[in-house]
Amino acid sequence: MNRQFLQIESLAKRFPQPGAGEDVTVFDQVSFRMEQGEFICIIGHSGCGKSTILNVLAGLDAASSGSVIMDGREVAGPSLDRGVIFQNHSLLPWLSAFGNVAMAVRARWPKWPRARVREHSQRYLEMVGLKGAENKKPSQLSGGMCQRVGIARAFAIEPKLLLMDEPFGALDALTRGLIQEALLDIWSRTHQTVFMITHDVDEAILLSDRILLMTNGPDARIAESVRVDIDRPRDRAVLHQHPAYYPIRNHLVDFLVNRSRELQGADAPASAPEEAASPRDVNPAPRWRETGPGGSRAVASPA
Amino acid sequence: MLHNQTLRATLLSLVLLVLALGAWELSISAPLTASGELSEYEQLMGASASRAGVPPPSVILAHAMDELSRPFYDAGPNDKGIGLQLGYSVARVMAGYLLAAMLAIPLGFVIGMSPLLNRALDPYIQILKPISPLAWMPLALFVIKDSSLSAIFVIFICSIWPMLINTAFGVASVKRDWLNVARTLEMSRLRTAFTVILPAAAPTILTGMRIAIGISWLVIVAAEMLVGGTGIGYYVWNEWNNLDLASVVFAIIMIGLVGMVLDAVLAQASRLVRYQD
Ligand SMILES: Nc1ncnc2c1ncn2[C@@H]1O[C@H](COP(=O)(O)OP(=O)(O)OP(=O)(O)O)[C@@H](O)[C@H]1O
Ligand SMILES: [Mg+2]
Chain A
14 MNRQFLQIES LAKRFPQPGA GEDVTVFDQV SFRMEQGEFI CIIGHSGCGK STILNVLAGL
74 DAASSGSVIM DGREVAGPSL DRGVIFQNHS LLPWLSAFGN VAMAVRARWP KWPRARVREH
134 SQRYLEMVGL KGAENKKPSQ LSGGMCQRVG IARAFAIEPK LLLMDEPFGA LDALTRGLIQ
194 EALLDIWSRT HQTVFMITHD VDEAILLSDR ILLMTNGPDA RIAESVRVDI DRPRDRAVLH
254 QHPAYYPIRN HLVDFLVNRS RELQGADAPA SAPEEAASPR DVNPAPRWRE TGPGGSRAVA
314 SPA
Chain B
948 MLHNQTLRAT LLSLVLLVLA LGAWELSISA PLTASGELSE YEQLMGASAS RAGVPPPSVI
1008 LAHAMDELSR PFYDAGPNDK GIGLQLGYSV ARVMAGYLLA AMLAIPLGFV IGMSPLLNRA
1068 LDPYIQILKP ISPLAWMPLA LFVIKDSSLS AIFVIFICSI WPMLINTAFG VASVKRDWLN
1128 VARTLEMSRL RTAFTVILPA AAPTILTGMR IAIGISWLVI VAAEMLVGGT GIGYYVWNEW
1188 NNLDLASVVF AIIMIGLVGM VLDAVLAQAS RLVRYQD
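If you read the sequences in order, they're chains A and B.
The numbering used here applies: residue 14 is where the first sequence begins, and numbers increase by one.
The numbering used here applies: residue 948 is where the second sequence begins, and numbers increase by one.
If we strip away everything but chain B, and leave its shape as in the complex, we get (with noise of 0.2 Å):
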């Protein structure tokens, strides 16, 4: 029963798919071949007149394939490989996003044990939290002077948030009874912190964790468009100034991608830290 309905769901989504890219398809090759004479602009624009368009899932599909034949060519520094380019933006969001978890899970512990600490940093980590971490860039710029540790300082402070306060919840929900345990076995504190309120808050802080990587990922993307120079969404740009559209749509399917993957790895960090109560 189960089996027949993945099967069926499975099924469902090819057929989606298949709708879907082909409604795509013609609705961008009918009215090429019906329009007669070029507009001014598409003049201007010259024989690319065509390719200016959004691109048919055929000429994506055979672009993605040639791209991906060689992903780590790098010919100077506007034109490198896919996969490069994926390569340092991922460096970029982990450089970050570790840098804010050795950061925030200390503290949100910290945080969390100490009702008094809690409430004396709330009102600023509730202030700073909205904050959109890109308003940070020009600062940053500022005060690091190098646009790539920028970058790097912007995906830290947008994933120090989720983590800190996840942390911090997650310390303070232990349970009672737990931490009563701790305390007849004469457990120091530090061990308590290893040995019961660690694997209590696990799930709590991996879930912060989780979802500081999809926040990174969304953000690395519009920061490389704006510090430029190397990494997904400086291609993206690029490839939108040079009117490539298929390369724009390649990158953007790849940016799922990768996306995807980066939430799978956090998803399967979580299930072996769970636990049922």
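Excised from the complex, chain A in its bound form (with noise of 0.2 Å):
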């Protein structure tokens, strides 16, 4: 059996409400798996607490209870094994792209040279389409090409983990295309383990292994644990072809329209007994490979 790379357990994160004397919880409960080279995605109704849980497994937010357990070890602070993109892709705009990659590159290998350096974060860049413009300034760039830069330093300096917080939110359907094609060639090379929040219900079936489905907050809690069960490569262009896509869809879109609500604090429903706060395994479309991948094509529109 795979050994879990990363085991969140009950975590819970409880805020001080000004004024009033009660803490407000955020999200309480929270207990999932990852296993290594996963491309997990958790959807949620903003405020649920996506953001807190990536800062947490990150490491610059501390939970108010549970543990974030990584490779048998406790994650207590931020680290170099876990690359983290931000929502608004935080470069430091003094830089220019080729020097925000490389200030990751020097503070992962303290010890390179200046040529090793160099060479190894142009590289990144190369690999998000940005050769020609290392030189520029965030400011001049677009905001899908900060975002790659972004994705660049995160990626150079090669985490076990890396944890990316809504990376596509403000692009444009194009650019987002480009770069969520650029991020699935870089994994499926790398086969790093990845979590990552949207609210793009086709982005994350198009990209993860796993689906988490966040209810509402206050009080929110991992429902579900969706299986996306569609062979790799996915080609964006017939993904919606594919006889699971719908059902997965439907599925999600249901969860987002009207279950999040109904299981806003509910405890999540056990899909077996000694794992108690584990979110229950759903796989919407479990038997779309009993008429064989030829089956594909005949079953195109879900009627």
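Hints in this document: simulated from the structure, not taken from any laboratory.
None of the values given here were measured: they were computed from a predicted structure.
Incorrect hints may have been included.
[Stated by the list, open to error] Just a sample of chain B residues kept apart from chain A, beta carbon distances all over 10 Å, derived: (1) V1006; (2) D1069; (3) W1083; (4) L1204.
[Claimed, not checked] In silico lysine to aspartate or glutamate, DMTMM-like type, Cα no more than 25 Å apart, as pairs: (5) A/K124 <-> A/E147; (6) A/K144 <-> B/D1224; (7) A/K173 <-> B/E1133; (8) A/K124 <-> A/E171; (9) B/K1122 <-> A/D94; (10) A/K150 <-> B/D1124; (11) B/K1122 <-> A/D74; (12) A/K150 <-> B/D1224; (13) B/K1122 <-> A/E35.
[Said to hold, decoys possible] Per the computed footprint, the stretches of chain A lying under chain B, defined by three or more beta-carbons under 8 Å from a beta-carbon of chain B, are: (14) 92 to 103; (15) 115 to 122.
Virtual Cβ for every residue (Gly too), placed ideally from N, Cα, C.
Please assemble the complex out of the two chains, which come individually in their own frames, going by the hints.
See below:
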């Protein structure tokens, strides 16, 4: 059996409420596991605590209770093993695109000579398609280009776990698609473990192995873990023709529209008694394989 | 269009200058020629009556040409070239200002990084900041017992506040996201201070330094009038005692020019560290 790479156990976060005596619980009983090389997206309504969970995983914020264990060791603070791609790219505006990546590379490998740092940073900038824009400052780059520099910066330090907070939230559809492809491309080569927050259902289906669904806050839970049983490499253009696509998509949308509210504050139903706190495993399209891969074209329109 | 506007602005500036100087010239020469008898006071002031009035621009210009042709002559304590006197003042400003920067910028860094220190020191800063720097002069003279060093101390005390406050503010308002980037890269505190906080706060710090140099240049003139000896402030006071108003007006213009240059130097420096967020 595959040893769990990341174990999140009964995480909870409470913030003191100004004025009122009682603390407000943002989320509680958040437990899930991630395998090495897994790509997981988390979806939930605004304010349910996704960013807070990500910050706890990164070690930038401390949970009120519960623990995060990575590779057998408890996460107690930020580490170069966990790269973060921030929601708003967070590039240092006085440094060029190259400077931003090189700063991270120097921090990761302080003993590297200058030429090696340059070569390594350059390689990752090229990987996200920014050859020729290395010397531009973030203010001279487009939003999508800045985001790609942020991705290059996080990937360049080759972390074991990548944490991404709505990395493509502010981008137009076209740029978003290009960067998603670049991301999948890098991920398929490096096989890092990825934890990503998104609001976009299609993006989640395209990218993830599993999608975690969070109920509304306050007092949010991770209610379900939805398996995305679609072979890789996935092609964005024909993904919606896959027989598993609509069942998964409908399941996610139904959750966001109806059940995220109904389940608010309810304890997550356990999939097995010995893992009481884990979210229920769901596979909305378990039977498509029975028709065989050739069936994908036959079931193109779900009627 | 822009070029055209620059040209027009320059022309307008020149026209205004000519008009102002012309009005000044006329208003002074007219009453002098019309006046008949000298009053008792004017007779008491002797033949210098015409010199004791505010001189017209033409006289000042001639005087300026003469002074500027030998800026660094030194003929005793009461007769030094304008360049030499300005040099003394600039040197004092630089000494006090640099000492203040050496203290204020590191201290402001620490205050900005520590909310506890920020709140603990804030009442003292708020009380000390509005004190006129010249109010420190008697105390400085008593303790330091040297007039030139006292002037430097006064510059020190007046330029420290803008630099301290701006540095602390700039450091405290560095974006959390940028600090988080440094944290996820496991940078040491010192490395974070130099690679993230300093560049992020540099524009704010330089604004403080620019305010401080402006105040220092304002204060040095008054300080030197008090302590005497050398410097442009002393020069102005000394020429007033000599009733040499042409020299006084000339010195005023020179003070303005040097102040402008000091400000321009720091404006240039802040352009170097500015970034667009
Ligand atoms: N420092 C804080 N003090 C008090 N409450 C906070 C604090 N930080 C976050 N919260 C609260 O915690 C909740 C979760 O915030 P979080 O940023 O994690 O939401 P999110 O799921 O990422 O939302 P979005 O999708 O809009 O980014 C919010 O209701 C927010 O008001
Ligand atoms: Mg968020």
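**Contradicted hints - numbers only** = 13
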